[in-house]
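Work out the full structure, taking the sequences as your base and the hints as a guide.
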Amino acid sequence: MTETVTVRVQRYRPEEDQEPWAQSFEVPYSEDLSILDALNQIKDQQDPTLSHRWSCRMAICGSCGVMINGEPRLACKTFLRDYRGKDALEVRALDNFPIERDLVSDISGFIDHLETVQPWLIRSDEQPVSAGAYRQTPEQMQRYAAFSQCINCGLCYAACPQFGRDPAFLGPAALTLAQRYNLDSRDEGASQRMNWLNAEAGVWSCTFVGYCSQVCPKDVDPAAAINQGKVASDINYAVNLFNILRGKDDA
Amino acid sequence: MRRSHEPIAWSLFGAGGMLLAFIGPGLVLATALLPWLAAHDPVATHAAVGALLAHPLGKLLVLACVVLPLFHTLHRIYHSLHDLHLRAPRRLMQLLCYGGATLLSGVTAWWLLLI
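Those protein sequences? They're chains A and B, same order as listed.
Here the numbering used here is used: the first residue of the first sequence is 1, the next is one more, and so on.
Here the numbering used here is used: the first residue of the second sequence is 1001, the next is one more, and so on.
The hints are simulated quantities; they were obtained by calculation from the structure and are not laboratory data.
One should not assume that every hint holds.
As the list claims (entries may be wrong) - Every beta carbon over 12 Å from chain A, so not counted as near; a handful from chain B, in silico:
id	residue
1	Met1001
2	His1005
3	Pro1007
4	Pro1042
5	His1055
Said to hold, decoys possible - Derived, one-sided and incomplete: chain B residues facing chain A with beta-carbon distance under 7 Å:
id	residue
6	His1040
7	Asp1041
8	Asp1083
The beta-carbon is built from N, C-alpha and C at its ideal position, and this holds for glycine as well.
Structure (structure tokens):
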């Protein structure tokens, strides 16, 4: 007989459910079956009404973030074999976000935060396209390369207790993105982004819990980026204080 | 966006952390263990500590060694209590933690000046 695994999947259909509940499905066990494969199998063969997000199946698109046994993970990068012998395998929508349907979270607040930090190259004078690309040495690229690996999956927001308590907090990915552009030698927009970083909802809501860096599937280390942002904001505060003492306006 | 004043607390926290990391173990050794283990003459030890505290630089060193770790510790406690979901008014907790650290720093400075 084929070995099966019980997967408890969170269901929530706003038109008929008052609150989320768990439904159990039996999935044939296989060594190389990912949680995403299991969810697709449930949807294809057992219950076509199950809703979940996914696309690339290889940890690039960042769509399939879910809570697996209470831990934020990419369903495509997590395998049934990792839970073999465990009492339960429970999949639910990402923590700290409103649930739209079943495993689908409403991540619009997170997307807004990403846009807030102006994650693009800001230049005081744009050079014409004919002048070619803005050039950069490998050393200059190395300064921000790790922070540019983010795939916007939102796992760090599901992990962050501060974002859970105050959704106004810009959060790990947005602050990392701000730091990524502030460290880019081609960028001249740090002073604009610092206004957001300097605020309570910027770097200063972080209490360095560090869970964001543990759950990041691309080893981006948002906690380190935020701490670098704190140093930058600290220096900015001191410079601003000095300017005020010299009679200049508060920036 | 309004600028947060957290950098003041964070700078003191950072300075206290650095100080503890670099000279904390040495301080424990010099002030708590060595007088018991190595120094056999309590009068001479007392005189040596007294000489350190009599010098302005000695006073400054002791002040830094007390004040910065105080701010470091109370800053961490303040944020940890928030992380532990302590239901207390934010302003009151700030007053207790940072006010407490400021008060104890003042008492330390006053005491050092009296020596």
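Evaluation of the provided hints:
no., hint, in the structure
1, Met1001, "4 Å, violated"
2, His1005, "8 Å, violated"
3, Pro1007, "4 Å, violated"
4, Pro1042, "43 Å, holds"
5, His1055, "30 Å, holds"
6, His1040, "45 Å, violated"
7, Asp1041, "46 Å, violated"
8, Asp1083, "6 Å, holds"
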